[in-house]
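For this one, chain B is given, so just place chain R on it according to the hints.
Number of protein chains: 2
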Amino acid sequence: MRYELFYWPEIQGRGEYVRLALEEAGASYVDVARRRGGEDRLMAILGSEREKYPPYAPPFLKAGRLMIAQTANILQYLGPRHGLAPKNEQGRLWVHQLQLTIADFVEEVHQTHHPIASALYYEQQRKEAKGYSREFWKRRPQKYLGYFERVLDRSGGPWLLGRRISYTDLSLFQVVEGIRYAFPKAMRRLERTIPGVVALRDAVAERPRIAAYLASPRRIPFNEYGIFRYYKELDA
Amino acid sequence: MRYELFYWPEIQGRGEYVRLALEEAGASYVDVARRRGGEDRLMAILGSEREKYPPYAPPFLKAGRLMIAQTANILQYLGPRHGLAPKNEQGRLWVHQLQLTIADFVEEVHQTHHPIASALYYEQQRKEAKGYSREFWKRRPQKYLGYFERVLDRSGGPWLLGRRISYTDLSLFQVVEGIRYAFPKAMRRLERTIPGVVALRDAVAERPRIAAYLASPRRIPFNEYGIFRYYKELDA
Numbered sequence: 001m002r003y004e005l006f007y008w009p010e011i012q013g014r015g016e017y018v019r020l021a022l023e024e025a026g027a028s029y030v031d032v033a034r035r036r037g038g039e040d041r042l043m044a045i046l047g048s049e050r051e052k053y054p055p056y057a058p059p060f061l062k063a064g065r066l067m068i069a070q071t072a073n074i075l076q077y078l079g080p081r082h083g084l085a086p087k088n089e090q091g092r093l094w095v096h097q098l099q100l101t102i103a104d105f106v107e108e109v110h111q112t113h114h115p116i117a118s119a120l121y122y123e124q125q126r127k128e129a130k131g132y133s134r135e136f137w138k139r140r141p142q143k144y145l146g147y148f149e150r151v152l153d154r155s156g157g158p159w160l161l162g163r164r165i166s167y168t169d170l171s172l173f174q175v176v177e178g179i180r181y182a183f184p185k186a187m188r189r190l191e192r193t194i195p196g197v198v199a200l201r202d203a204v205a206e207r208p209r210i211a212a213y214l215a216s217p218r219r220i221p222f223n224e225y226g227i228f229r230y231y232k233e234l235d236a
Numbered sequence: 001m002r003y004e005l006f007y008w009p010e011i012q013g014r015g016e017y018v019r020l021a022l023e024e025a026g027a028s029y030v031d032v033a034r035r036r037g038g039e040d041r042l043m044a045i046l047g048s049e050r051e052k053y054p055p056y057a058p059p060f061l062k063a064g065r066l067m068i069a070q071t072a073n074i075l076q077y078l079g080p081r082h083g084l085a086p087k088n089e090q091g092r093l094w095v096h097q098l099q100l101t102i103a104d105f106v107e108e109v110h111q112t113h114h115p116i117a118s119a120l121y122y123e124q125q126r127k128e129a130k131g132y133s134r135e136f137w138k139r140r141p142q143k144y145l146g147y148f149e150r151v152l153d154r155s156g157g158p159w160l161l162g163r164r165i166s167y168t169d170l171s172l173f174q175v176v177e178g179i180r181y182a183f184p185k186a187m188r189r190l191e192r193t194i195p196g197v198v199a200l201r202d203a204v205a206e207r208p209r210i211a212a213y214l215a216s217p218r219r220i221p222f223n224e225y226g227i228f229r230y231y232k233e234l235d236a
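One line per chain: the protein sequences are B and R, in this order.
Quick note: the first sequence, position 25, residue 25 per this note's numbering, numbers continuous.
Quick note: the second sequence, position 61, residue 61 per this note's numbering, numbers continuous.
Isolated chain B (complex conformation):
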């Protein structure tokens, strides 16, 4: 089966967690909106009155006759099919729980540059973004990434679930990459306290399919339109 992924073509954003899973799986997929006419198809589905399972927002995945939206939901569908999640009940619930915790963290990262409204420009909420980012770096990355460090301690590593990689490892890699990009100074300090998470990041980057993906034009570079943005003044 050839999957169709629908996501905004110019950013990594929330679609990237799905792209990483599809790439690691070696799955056959089309990143629809990056093809000619693809963004129109994406918009047509979002605005459709006939779509039986209308997504609220991208990303969404067409998998044969199935239509699946919400990043974590797409991943929990793909995971057990491609060896990226356990098949037993506790294992599936646990990896999904970790993924939802990553999603919560990513949402907080997004607010570092958009604390007042997504619909406004960064420049319109710069002062508040500084205040948010200052508070954020007092405790949030420490708490979230410290949690994943503890999970790794308990699993014995190298992956969050132990000896087998799962989609949530790929997502944690993406979060580390994103924060390194957006907050290079603050992240350098924090990384000293989370060696397991850093080692996991390195191990993901070395996976042959992930390495090939990251070096390919399929990987959209970080930029100032996505979730992880670099504004020097926010990186204390």
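A couple of the hints might just be wrong.
[Stated by the list, open to error] For lysine-lysine, the following DSSO-like pairs were computed, each having C-alpha atoms within a straight-line distance of at most 30 Å:
no., chain 1, residue 1, chain 2, residue 2
1, R, K127, B, K143
2, R, K87, B, K138
3, B, K52, R, K143
4, R, K138, B, K52
5, R, K130, B, K130
6, B, K127, R, K138
7, R, K130, B, K138
8, R, K127, R, K232
9, B, K143, B, K130
10, R, K138, R, K232
11, B, K62, R, K87
12, B, K138, R, K127
13, R, K127, R, K87
[As the list claims (entries may be wrong)] Sample of chain B residues at the chain R side, in silico, Cβ under 8 Å:
no., residue
14, V30
15, N73
16, A117
In short, the hints are calculated from the structure, not lab data.
Note that the coordinates shown come from a computational prediction; the quantities given were computed from them, not determined experimentally.
Beta carbons: idealized from backbone N, C-alpha and C, even for Gly.
This is chain R only, laid out in the frame that chain B set:
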């Protein structure tokens, strides 16, 4: 089986979506932290070094030998077991997707009073809360609740999935109740445009088990510690 729900004892919060599902199901459960010594048990699990599946935060549910955290994850576990979700794959993915969209909306509502940091008091971010709430009411409830109105249109009602109630209907009820409490003036205006959502809210409130729950001391009243808070100055 008797479920054990672990959540903060003084607020509805994110635990309320689970409580509503357990109540509608007529399931046997203990709201652990509301019992003597229960909050200590909750804290012990959160801080435990031995817990194999450590939750990042409440709510979490013990279901026999299973440990499940993250509200939407708990609901997707409970749903098919108690007639509150379809059992087929597309149905399960769809109802979970709706639930995750509700979770996104609830997170945005929380920021109306805490746009800068959860760890600070409201009074320390009052000005920013006013700015956030003003922007929020220009478009966000309209977009989210308008989306659920369209889903109801397409399902034919009375429930989001059509003729059978699901856990996400109970959650949508809770969101309407919460916004009515927090933003009575703004919500009154908006409700004219979402008659289907309002009818769904009424239908949930009339379910015998839900009505009994709402009238019981098990239902914690809305207050100024939870996610939905009433600050007159934010309700434009």
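Tested hints:
1. R:K127 to B:K143: Given that 30 Å is the threshold and the Cα spacing comes to 27 Å, the pair holds.
2. R:K87 to B:K138: The given pair, whose Cα atoms are some 44 Å apart, is violated under the 30 Å limit.
3. B:K52 to R:K143: The hint holds at about 19 Å.
4. R:K138 to B:K52: holds, 28 Å
5. R:K130 to B:K130: Holds, because 17 Å separates the two Cα atoms, which is no more than 30 Å.
6. B:K127 to R:K138: It holds: about 21 Å lies between the C-alpha atoms, which stays within 30 Å.
7. R:K130 to B:K138: Between K130 (chain R) and K138 (chain B) the Cα gap is close to 24 Å, so the pair holds against 30 Å.
8. R:K127 to R:K232: holds, 13 Å
9. B:K143 to B:K130: Given that 30 Å is the threshold and the Cα spacing comes to 20 Å, the pair holds.
10. R:K138 to R:K232: Since the Cα atoms of K138 (chain R) and K232 (chain R) sit roughly 17 Å apart, the hinted pair holds (cutoff 30 Å).
11. B:K62 to R:K87: holds, 20 Å
12. B:K138 to R:K127: holds, 21 Å
13. R:K127 to R:K87: violated, 47 Å
14. V30: violated, 20 Å
15. N73: Interface hint status for N73 (chain B): holds (5 Å vs cutoff 8 Å).
16. A117: Holds - the Cβ of A117 (chain B) comes within 8 Å of chain R, reaching about 4 Å at its closest.
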